[in-house]
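**Student:** Could you build all of it, start to finish, from the sequences and the hints given here?
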Amino acid sequence: MKAIGNIHLIWRPGKGSSRISVGTIKKSASEGIRFQYNQAGVDKAKKLGFVHYEGFPDTDKIYSENVIEIFGQRLIRSERPDLKDFYDFWGIDLTKRDDKYYMLAFTQGLLPTDSFEFLADFNPKDGLSFVTEITGLSEAKIPSEMIVVGDILRYELEPENAFDKNAVKVFKGNSYLGHIKLVHCKVFHKTHKQLMLIVKGVEKNGVLKRVFVKASL
Numbered sequence: 001m002k003a004i005g006n007i008h009l010i011w012r013p014g015k016g017s018s019r020i021s022v023g024t025i026k027k028s029a030s031e032g033i034r035f036q037y038n039q040a041g042v043d044k045a046k047k048l049g050f051v052h053y054e055g056f057p058d059t060d061k062i063y064s065e066n067v068i069e070i071f072g073q074r075l076i077r078s079e080r081p082d083l084k085d086f087y088d089f090w091g092i093d094l095t096k097r098d099d100k101y102y103m104l105a106f107t108q109g110l111l112p113t114d115s116f117e118f119l120a121d122f123n124p125k126d127g128l129s130f131v132t133e134i135t136g137l138s139e140a141k142i143p144s145e146m147i148v149v150g151d152i153l154r155y156e157l158e159p160e161n162a163f164d165k166n167a168v169k170v171f172k173g174n175s176y177l178g179h180i181k182l183v184h185c186k187v188f189h190k191t192h193k194q195l196m197l198i199v200k201g202v203e204k205n206g207v208l209k210r211v212f213v214k215a216s217l
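Numbering of the sequence shown is given in the numbering used here, commencing with residue 1 and proceeding in unit increments.
Since the hints were made in silico from the structure, they are not lab data.
A few of these clues could be false.
In silico DSS-like pairs for lysine-lysine, Cα to Cα no more than 25 Å straight-line [said to hold, decoys possible]:
#1 K181 - K165
#2 K169 - K193
#3 K26 - K190
#4 K125 - K2
#5 K27 - K181
#6 K169 - K214
#7 K214 - K2
#8 K96 - K2
#9 K2 - K26
#10 K181 - K26
#11 K204 - K84
**Tutor:** Put into structure tokens, the structure is as follows:
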């Protein structure tokens with residue numbers, strides 16, 4: 001069992017909106033890397049303005065050519081001056097920095113210019129460590145002094161959540177903060193071991209805007 005399972009293409013209409021899985025990237029030794037849209041997600045997203053991902057216009061087709069090359073265009077360029085800091089933040093294994101599937105899974109392919117991200121369905125292998133994000137902060141308006149980098153957080157599985165059957169609630173002490181991101185939360189339900197959650201990065205402006213956490217087995 002590999003640590004990285006499928007990678008979901010996630011879209012949302014804007015910050016504060018719910019995330020929707022609109023497609024899945026699959027990798028196998030026999031068929032290579034393929035991409036196809038998730039029809040239920042696409043139907044839901046189209047009502048909110050989604051069209052398609054550039055380079056993959058046909059939402060009914062299974063794509064098998066140039067998949068990782070197209071999605072890999074979102075990855076950080078090797079000439080960037082802050083490359084070391086970027087690798088350190090996302091916990092990148094430098095021996096795999098040329099593996100675009102790995103890099104997409106661990107860095108999420110985030111860009112400030114659109115509402116797409118790439119969330120991997122991780123498997124609970126010993127030594128697994130990845131960075132994820134707490135969702136729902138825009139509604140919670142939590143005071144910025146509540147969290148600092150290095151804080152250890154706790155979590156609770158929430159199998160009955162109406163929006164996500166694999167939901168995971170995150171707390172600082174007894175104070176509820178939000179949920180683990182869609183898809184990333186699955187690994188918390190797959191393992192009988194407790195994952196450690198440590199605050200990796202914080203964006204704030206009087207209230208918490210974004211909180212990144214490192215989840216480790």
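**Student:** For K169 and K214, compute the direct alpha-carbon distance and say whether it is at most 25 Å.
**Tutor:** 15 Å, holds
**Student:** Are the Cα atoms of K96 and K2 separated by 25 Å or less?
**Tutor:** Answer holds: K96 to K2 is near 14 Å, not above 25 Å.
**Student:** Given the hint that K27 pairs with K181, does the C-alpha gap stay at or below 25 Å?
**Tutor:** 22 Å, holds
**Student:** Would you check the hint for K214 and K2, treating anything up to 25 Å between C-alpha atoms as holding?
**Tutor:** 19 Å, holds
**Student:** Between the alpha carbons of K181 and K165, is the straight-line distance 25 Å or under?
**Tutor:** 12 Å, holds
**Student:** Compare the distance between the alpha carbons of K125 and K2 with 25 Å, and conclude whether the hinted pair is satisfied.
**Tutor:** 8 Å, holds
**Student:** Taking only the CA atoms, is the gap from K204 to K84 under or equal to 25 Å?
**Tutor:** 23 Å, holds
**Student:** Given the hinted pair K2 and K26, is their Cα-Cα distance within 25 Å?
**Tutor:** 13 Å, holds
**Student:** Going straight from one Cα to the other, do K169 and K193 come out at no more than 25 Å?
**Tutor:** 17 Å, holds
**Student:** Starting from K26, check that the Cα of K190 is at most 25 Å away, please.
**Tutor:** 19 Å, holds
**Student:** Hinted pair, alpha-carbon criterion (25 Å max): K181, K26. Please report holds or violated.
**Tutor:** Distance ~20 Å between K181 and K26 Cα, so the pair holds.
Violation of the numbered hints given earlier is absent; every hint is satisfied by the structure.
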